Each structure stands twice: as C-alpha cells, then as structure tokens.
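Colleague: Here are the chains, one letter per residue:
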Amino acid sequence: MSGRRHLLAATAGLLAAAIAGDAGAQQRLASLYMFIPAGPGGGWDGLGRAIEQVARQAGLVGSFQFENVGGAGGSVGLPRFVGQRRGRPDALMVTGSIMVGATLTNKTPVGMKDLTPVARMTEEAGVVVVPASSEIKDIKGLFDALKANPGGTSVAGGSAGGTDHITLGLILKALGRSAKEGSYVAFAGGGPAQAAILGAQVKAGISGYSEFAEQIKSGRMRALATTGGQRLDPSIPTLKESGVDVVMTNWRGVFAPPGIRPDARDKLVALMTEIHALPAWTEMLKTREWADAFLTGEAFSAFLAQDVTQTEAVLKEIGLA
Amino acid sequence: MMDSIAGLQLGFANALTLGNLGWALLGCFLGTAIGVLPGIGPALTIALLLPITFKVEATGAFILFCGVFYGAMYGGSTTSILLNTPGESGSIITALEGAKMARNGRAGPALATAAIGSFIAGTIGTLGISFLGPVVVDLALRLGPAEYFSLMVLCFVTVSAVLGGSALRGLTSLFFGLLLGLVGIDLQTGQPRMTLGVPELLDGVNVVLVAVALFAVGETLYMAWRHTNEAPQVRQVGSIMMSREDWRRSIGPWFRGSLLGFPFGVMPAGGTEMPTMLSYYAERKLVKPEHAKEFGTTGAIEGVAGPEAANNAAAAGILVPMLTLGLPTSATAAIMLSAFQSYGINPGPLLFEQQGVLVWTLIASLYIANIMLVVLNLPLVGLWARILKVPQPQLYAGILVFATIGTYGISNSVTDLVLLYVIGIIGMFMRRFDFPTAPVVIGMILGPMAEQAMRQALTISEGDWTTFATRPVSLVILLLAATALVGPRLYRAIRSG
Chain A
1 MSGRRHLLAA TAGLLAAAIA GDAGAQQRLA SLYMFIPAGP GGGWDGLGRA
51 IEQVARQAGL VGSFQFENVG GAGGSVGLPR FVGQRRGRPD ALMVTGSIMV
101 GATLTNKTPV GMKDLTPVAR MTEEAGVVVV PASSEIKDIK GLFDALKANP
151 GGTSVAGGSA GGTDHITLGL ILKALGRSAK EGSYVAFAGG GPAQAAILGA
201 QVKAGISGYS EFAEQIKSGR MRALATTGGQ RLDPSIPTLK ESGVDVVMTN
251 WRGVFAPPGI RPDARDKLVA LMTEIHALPA WTEMLKTREW ADAFLTGEAF
301 SAFLAQDVTQ TEAVLKEIGL A
Chain B
1 MMDSIAGLQL GFANALTLGN LGWALLGCFL GTAIGVLPGI GPALTIALLL
51 PITFKVEATG AFILFCGVFY GAMYGGSTTS ILLNTPGESG SIITALEGAK
101 MARNGRAGPA LATAAIGSFI AGTIGTLGIS FLGPVVVDLA LRLGPAEYFS
151 LMVLCFVTVS AVLGGSALRG LTSLFFGLLL GLVGIDLQTG QPRMTLGVPE
201 LLDGVNVVLV AVALFAVGET LYMAWRHTNE APQVRQVGSI MMSREDWRRS
251 IGPWFRGSLL GFPFGVMPAG GTEMPTMLSY YAERKLVKPE HAKEFGTTGA
301 IEGVAGPEAA NNAAAAGILV PMLTLGLPTS ATAAIMLSAF QSYGINPGPL
351 LFEQQGVLVW TLIASLYIAN IMLVVLNLPL VGLWARILKV PQPQLYAGIL
401 VFATIGTYGI SNSVTDLVLL YVIGIIGMFM RRFDFPTAPV VIGMILGPMA
451 EQAMRQALTI SEGDWTTFAT RPVSLVILLL AATALVGPRL YRAIRSG
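For the record, the sequence lines run as chains A and B. The letter at position 142 of the first sequence is residue 142 when you use full-length UniProt numbering, and the numbering goes up by one with no holes. The letter at position 142 of the second sequence is residue 142 when you use full-length UniProt numbering, and the numbering goes up by one with no holes.
Keep in mind that the hints are not guaranteed to be accurate.
Restraint ranges, calculated between C-beta atoms of paired labels, are given here [stated by the list, open to error]:
id, chain 1, residue 1, chain 2, residue 2, range
1, A, Lys286, B, Leu479, 48 to 56 Å
2, A, Lys286, B, Leu10, 28 to 36 Å
3, B, Leu21, A, Asp233, 39 to 47 Å
4, A, Lys286, B, Ala469, 49 to 57 Å
5, A, Gln57, B, Leu286, 52 to 60 Å
6, A, Lys113, B, Leu10, 34 to 42 Å
From the structure, some residues in chain B lie toward chain A, with a derived Cβ separation under 8 Å [as the list claims (entries may be wrong)]:
id, residue
7, Ala47
8, Phe54
9, Ala58
10, Thr189
11, Pro192
12, Ala269
13, Gly326
14, Gln341
15, Ser342
16, Gly348
17, Ser411
18, Thr459
19, Ile460
Calculated pairs, DSS-like style, for lysine-lysine (alpha carbon to alpha carbon, straight line, at most 30 Å) [to be verified]:
id, chain 1, residue 1, chain 2, residue 2
20, A, Lys140, A, Lys180
21, A, Lys267, B, Lys55
22, A, Lys240, A, Lys137
23, A, Lys286, B, Lys288
24, A, Lys140, A, Lys173
25, B, Lys389, B, Lys293
Derived from the structure by calculation, the hints contain no laboratory data. None of the values given here were measured: they were computed from a predicted structure. Heads up, the beta-carbon is just placed ideally off N, CA and C, and yes, glycines get one too.
With the hints as constraints, model all of the structure from the sequences given.
Modeller: Following this line, the structure appears as structure tokens:
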C-alpha cells in the first residue's frame, strides 16, 4: 500500500480533517479505511461517502481513507479486501445484494462467507418502467406482453445476473413462463441503460427506484410498478398487489474483513449503530431517497444466509449459476 | 436561444467573482497535473476532492470539478507526445503521430497544436453545451445498439490506416487486440471469459495499460536490446513555436476534429475514443499529397491536431447528457452527479429549470477554465519539450519508471504490473519483427464495444440480423463505412485510369 493514490488520498483526508475539525462529539475511531468494490459514483460509493459525511461531521471518526476497486459486480475488489485487510480492526467494505449475485455467477472462490457482517444500512426497491411513448399503459399491459411474447418484449437493466435480471426472471416465472425465455438486454452502468429506455430502443426497463426517479418525475419514463413489499410512491402499485408474487429489494451494508477479533467487530457494530441513530443520518436517508434497513448481529447474518440461498436458486433457473 | 444568452450572462456574472476564479484556477492546475500523470484520471481526482462538498458552497465546488475535468483533457496529450505514454484512452491516437513528431525534433509544435486544438475544441464544445444541448441529446437518444454497432464498424475502417506495410501482419495485430478485449466478464451473461482464474482479470485488461505497454515499455525494451556502445545521442528539441506552415496545416483538423468529437461525446454510448480514430483516419486521407509521407514516419501535425481536438470536444459533449438528462455516461459524469446529490440536488431532466443559476454558472466557468488552460499550458510547452534533452538511456529509464508507477496507479494491482511487462515484451518482439502496434489498441477498444452493441441489438431484434440494414440510420452509417473503405481506392483508380 503505497503509490501516489494513497498519498493523494491521505492529503485529501488531511485537508478534509482540517475542514471538519470543529465538530465536538467523542471520537470512536482515529481513522477508518473504507473499501468500495466499485468505481466512484455508484450506489456503494454513495453509501460509503454518506457514512463518511455523517460520521465526520459528528466527530465519531477522525479521518477516512477510501479505496475504490471496481469491476464485475465487486468480484474484483472482494478478494483484494479479504486478502489485504485480514484481521484489521479499522477497515470496512461497502457492498450488498449485487455482490451476492455476482459472486455466484462468476463462481469466485472468495464469497460473502469470507466477510464479517457488520450492518445492513439501506435498501432500495426497484421499479419497472416503460418509455413515455410506449403503448403499454400499466403493469397488466406489460404482464400480457410478457406472457404472449417474452422474446419480443426486450427489457433493459444492469449487468446480467444482477438484481434487475433476477427481478425479470422472477416475474416471468410467476407468469408461468420460464426465466430463460426473457429478452434481457444488459447495459454497463446506469447511463446507457437509461438512454436506451428514454430513446424507446427497448420495450421496458428495470432498475433501482432512485436511478429512474428523476426521469419518472419529469414524465420521460412511465413507472408501472415497484418491486418492494410496500408502495414507495402512493400512485405506483407494487408487483405483489398486481398479482405477481415477487418482492425484490437491493440492500446495501458494511462488512469487516475476516479474522477480526469479536471485540473489534463489536466496536464497529457500535459505531454503525451510533451513526444510524444520528439525526444527520435520518436526514441523509431522506435526501438520498434510501429506505432505512438497519440490521446488525445475528439477525443480519441470518438474513444474509437466506439471501444467498434464494439468489442462487433463481440464478440456477436462469442458467447463470 | 435568447434564454441561453440570458442564462450565460447570469452565469458569467456569478463565475467572475474572485473566489470562483480562484476555484477555476486551482481546478485547471490540478487537472493539468493529473492529466500529465498516467493512471490518475479526472474521475478519481474528483472522488478524492468530494469531501470539500461538506464545506464549500455548490458553485465553487462545481467550478473546481469542471476545471479538473477540462484540465485533465489538456494534460493528457503531453505524455502521449513526449514519452509515447498515453495517460487516458482518449489520447492514445494522439500518441501515434505526436510521439513521432517529438522524436524528429518537432515536440514543440506538436504540444502547441494539441494545446491550441484543445482550446478551440473546448470552446466549440462549450458553445455546443450552451446552445445545442437539449436538441442534440434528443437526436442522440434515437440511436440504439444497432446504430452503435454500425458506428463501430465505421471506426474499424480506421484500422486500414495503421496496418503498415504488410496487411497480414497488421491484421494479426488487430486480432491480438480483439483477443485481449475478450478477457473478463461478459456483460450479457455475467460469465467470465479467458480469465485463467485470476480475479483481477474478471474486469478485463485495461486498454491504457496495453497502450503504455506496447508503445512505451515495448519501445524501451527494444532500445535496450538493440543498444550499441556508441556515444549516446541527444535528441534535438528544435523550434518550440508553430511555424506559419504548422498553423495553416492545423486549422482544418482542429475544426473537423471538434465537429466530429462533440456529437460522439453527447451520445450515451459514444465516448472519446471513436471520434479520435475517425478524425485520424479523416486527416490521413485528406492530407495534402506533399505531406502524406509524414504520416507514420516523421509524424504529421494533422494527425495530432485532429484527434486531440476530437478528444476534447467529445469530453465537453459528455457533459450534455449529464446536465440535460442527469445521465452518467462516463465515470467522471457519474462522480459529478454524486456530488450534486451531496448538496441535496437530484440531477435529472429538470436540473436546468430548478438549478438554472448553478448550471449556467458552471457552463460559464467552462469558458473561463478553457482560457485559463491555454494560458497555463502554452508557456509550459517549452519546458516540457526540454525533457527530450535528457540523454537517451536516462530518458528511456525514466519512461519505464513513469509507465510502471502510472500503471500501478490505475488500480494499485501487482497483476497489472505483470501484464504491463508481459505485453511490453510482446511489444518488443512486435517491433523487432515489424508488426504494427496501433491495430492492437484499436482492436481492443472497438472489439468489446462492437460485440456488446451487436448482441444488445440482436437481443432486441430477437436474433434478426437484418436489423442493421432495416434501421435507416444504421444503414446510412454502414454505407458510409463501405465508402470510406473503398472510396479512396476507387477515386485513385479513376484518377490514374
């Protein structure tokens, strides 16, 4: 760990520490290394930097050091974090459901089981949209199209095997078609996928709600249904109440490296609990339109195990795991 | 139109405060510095600067970020020209002619034409953002995967300009590049291909790494291999200024490159690489017969001016979908969008209406940054060119160190260093046995993009191949590609026959 990037990171950290030095609360950690297994600007990066913003303003953590190692739904960064940070008490990695799917499709030797779960922080329901110009007016219309001709109803989303793809697979299954029949068009990153939907190059699209929220508000995309347990927007139905028993959310959380001592893990859990209790965090969830999904300890571990099993079952059916 | 002018007036009034000019200057300076260093790009730099959004007001922060973004585009060409070591994928094509010019004592004019070309392209691009943004975006959204595939076919024609003496050798190089491009996870199925079980390869091989390995490391190893014990030669630096002739030859390429680059930047799946290739091809075909032999030998100034302008205009274009639709079509745009979010602003189609003052101030600061950058960079030309006075053994040793550090900076990965030297050794043998290296890089950039676009298009058309010919825009582009390939030959045949 050297090289100019770290030097730069350290300099930026110092600068920022000097700026934020006026906050008063009791410091829990002098410094925290935050590993993001994705490029800057995405959902995991956003969560990591939101934690930084809240924790530093409250004076809970002295300084943060970030490292982004992107690629392959986190499969490139994961083995790096596990290998280089083993046993380190002051390191956290931001990740979530996308990595569960990616480690299964890529069949990586290092998986979620190699991480020490600390806390689940947020979750986000997905949304199914069509271009504003589409003749499909509601979710029933899309269901009919998918039932009649799944191959001709192209659906855009993120990389293959990810949450969006799994959602489509589950919908097709619930409609009595096979998950394999779907015509899923994978795009790298949110920009090209949104562009394909806005330009009506595809019939429909699936992604995290916040990614499409502004396009829906401006009327360039029509939201047909959200994928969570409850309505996100009072005017948009959920898949479940539309007669398709699919509930799918994209959760994000923080993990410690393997092999850390129980007291070190408890300290990190306490830190995240404290951050979660701050009014600034509640404010952050509101501005970012993230749903609170705070969960720690045994309950989080149990949830994780269940999520891995479920995801694996769907991916096997699509033929990707 | 009137709205745009009123908006710009407002923007300039806001941007021209002492504080904001300070942010712009700081951004330009930082951007030029990171542009010169390979490995660190604008996205990473802005990510590292994000904590300032906690304390600095939005206008100042975005002016800083835009300065970094434009500055990096200026700085990127410097190492391409001087050291044959491109810092980012958009300046790989600049290295083809730029490094040859530097080797033949024309480093000064090459750097100057790149800087002035960047200024002209940046200004044209920023004018495009101000006045054409929403219109161009709506046109760009009509392009689907089928059209992108056809565009990439058109770009493949460029390869014919860099094949070298033997078509067989050139095509071998191209296929080596296509092969390297296949490494990594396949987007459409999520399955790893040719990764040999190495997790670092799941994300594919970085194209800048390959360009640096083939151009810089390969050449250095080759020089070390063929080294003789003569007195070390010192390269000439030659004239620093552009001659009247250089100006005359650069003006056309600057404008053609700018006009080519901007629309590609606006396209959500366009990017900066394709227009640089097309510009290079166009300049090579349009060059006056008396200068044609300079291409690929002593270095032609047209081959620097055009691609560099295309690169910068495309970079400006990338801001259009970001500002008008909130679409993150590049890593830098994505991180800027997340900066908007830390101010509680949700960037989207309503950004211009809801945050008009901020957006217009940002656009005004782009004009200011552009002027600052050309003022900052032109005096540096003399200083940079003097690097070439370093005796060759030391210069090449320096290039090797620089390439190694830069590659490590891309992802802090030892695997990347191993790849750099393995591909570097391959590059050394390619040089020895007269295989051109440029087709490898072009194949690597275009291959994966073309493959994904083709498969996306075929999924949408349910496997119907005629989609490329029945969609009118796609058909036009394919016909253009055929003309570009056969046209010059036909023209010559008719003229001589």
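Colleague: Of the hints given before, which are not true for this structure?
Modeller: 6, 9 and 23
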